[in-house]
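K.L.:
Chains as they are written, first to last, in our numbering: chain A, 1 to 240; chain B, 1 to 96.
None of these hints come from the bench; they were simulated from the model. Warning: the hint list may mix true and false statements.
Here are the simulated DSS-like cross-link-like pairs (lysine-lysine), alpha carbons at most 25 Å apart as the crow flies [unchecked claim]:
| # | chain 1 | residue 1 | chain 2 | residue 2 |
| --- | --- | --- | --- | --- |
| 1 | B | 39 | A | 53 |
| 2 | A | 66 | B | 39 |
| 3 | B | 74 | A | 133 |
| 4 | A | 105 | B | 39 |
| 5 | A | 105 | B | 35 |
| 6 | B | 96 | A | 114 |
| 7 | A | 96 | B | 80 |
| 8 | A | 112 | B | 39 |
| 9 | B | 74 | A | 66 |
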Amino acid sequence: MRQYETTFIVVPALPDGEIKKAVKNYKDILEKEGCEIVHVDEIGLRQLTYPIKRHNSGIYFTIEYKSENGEIIDKMELVFRRDERILRFLSVRLDKFGVKYNEDKRSGVIDKRKNDLAAERAKERAEQEASNKEKRATNRKSQKKKSAERAKAKEDAALAKAKVTDAEAGIAKTVEVPADVAKTVEVPADVAKTVEVPADVAKATAEPVVETVDTAVDVAEEVSLDGDILGDLTDSDKKG
Amino acid sequence: MAVQKRSGRTSREDIKFLSNPNIGNNRKKYCRFRKYGIKHIDYKDPDFLLQFINEQGKLLPRRITGNSLKFQRKIATAVKRARHLAMLPYVADLLK
Chain A
1 MRQYETTFIV
11 VPALPDGEIK
21 KAVKNYKDIL
31 EKEGCEIVHV
41 DEIGLRQLTY
51 PIKRHNSGIY
61 FTIEYKSENG
71 EIIDKMELVF
81 RRDERILRFL
91 SVRLDKFGVK
101 YNEDKRSGVI
111 DKRKNDLAAE
121 RAKERAEQEA
131 SNKEKRATNR
141 KSQKKKSAER
151 AKAKEDAALA
161 KAKVTDAEAG
171 IAKTVEVPAD
181 VAKTVEVPAD
191 VAKTVEVPAD
201 VAKATAEPVV
211 ETVDTAVDVA
221 EEVSLDGDIL
231 GDLTDSDKKG
Chain B
1 MAVQKRSGRT
11 SREDIKFLSN
21 PNIGNNRKKY
31 CRFRKYGIKH
41 IDYKDPDFLL
51 QFINEQGKLL
61 PRRITGNSLK
71 FQRKIATAVK
81 RARHLAMLPY
91 VADLLK
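Isolated chain A (complex conformation):
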């Protein structure tokens, strides 16, 4: 004995009795041919994902039955084709796993398992999200730190530049003004050095420094921008 399963869709715009009659009709056909009906499942009214014969919804039924061979299916499908009330039908032979699946489904094991699986997956996802968040937070922190460092470097460089220009103007000889500034800047040693060096040399050394610092700051801007893009990406990832 092989087990088969036939799913079919009945036109919804029928009186209730008519629908039951249609289902009973097919049950009778099967029983007449010596099949053993295992189960009749009424899935119920469902929205069709595309219209069939201008119907947008249908009532789904599934009949499970055992039969010696599949000859009955040809006969039954012929009746299905001739029946105006039937929108679609599909007959499938069940393997042992299919039989077990249907039994489990009827006894409610599948739903329970499904819920368990869903819970497990949700937990996994939550864990991953938490780790992602942590990573992103650390990333952001390091970026902030870096940008702060860069800002500080830029400040120092600007001060150094100002001093150089002062030196060029000839105030370097007096050295009174730079000394005051040096106190506020907290990097007196370096600044003092640059000031002591003759104006030309100081210019030569100071300029490249300034340029690199500028680029660093721009890089920082770009990095922060990318951080935003990164956030968008991860969001879309989650959706996907």
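Using the hints, position chain B against chain A.
P.N.:
Positioned in the frame of chain A, the structure of chain B alone reads:
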């Protein structure tokens, strides 16, 4: 001036953040049917099958779902049966 500077300044650090850094260290994909011992795929369960098709209702490849070949084939037949029964669309847009 600023534009010129910009082009000459893409360091390795910039490139690092152009793509999602989480892509590299993805978790290993696995076949959920093997892992959870699912032996039968029901064609009457469109919500489940929805995980294996894209927004247009097309089947997703194995390299994305991680299914083993055996169950990818079963998924394919199940999706096709579900389409025949109007539980899944043949063609769709913005399915998810």
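K.L.:
Now tell me, hint by hint, if it's right for this structure.
P.N.:
Going through the hints against the structure:
1. B:39 - A:53: Measuring from Cα to Cα gives roughly 35 Å; hence the hint is violated.
2. A:66 - B:39: Holds, at about 21 Å.
3. B:74 - A:133: 37 Å, violated
4. A:105 - B:39: 13 Å, holds
5. A:105 - B:35: The given pair, whose Cα atoms are some 20 Å apart, holds under the 25 Å limit.
6. B:96 - A:114: 20 Å, holds
7. A:96 - B:80: 21 Å, holds
8. A:112 - B:39: 16 Å, holds
9. B:74 - A:66: Since the Cα atoms of residue 74 of chain B and residue 66 of chain A sit roughly 23 Å apart, the hinted pair holds (cutoff 25 Å).
When each numbered hint is compared with the structure, violations occur for hints 1 and 3.
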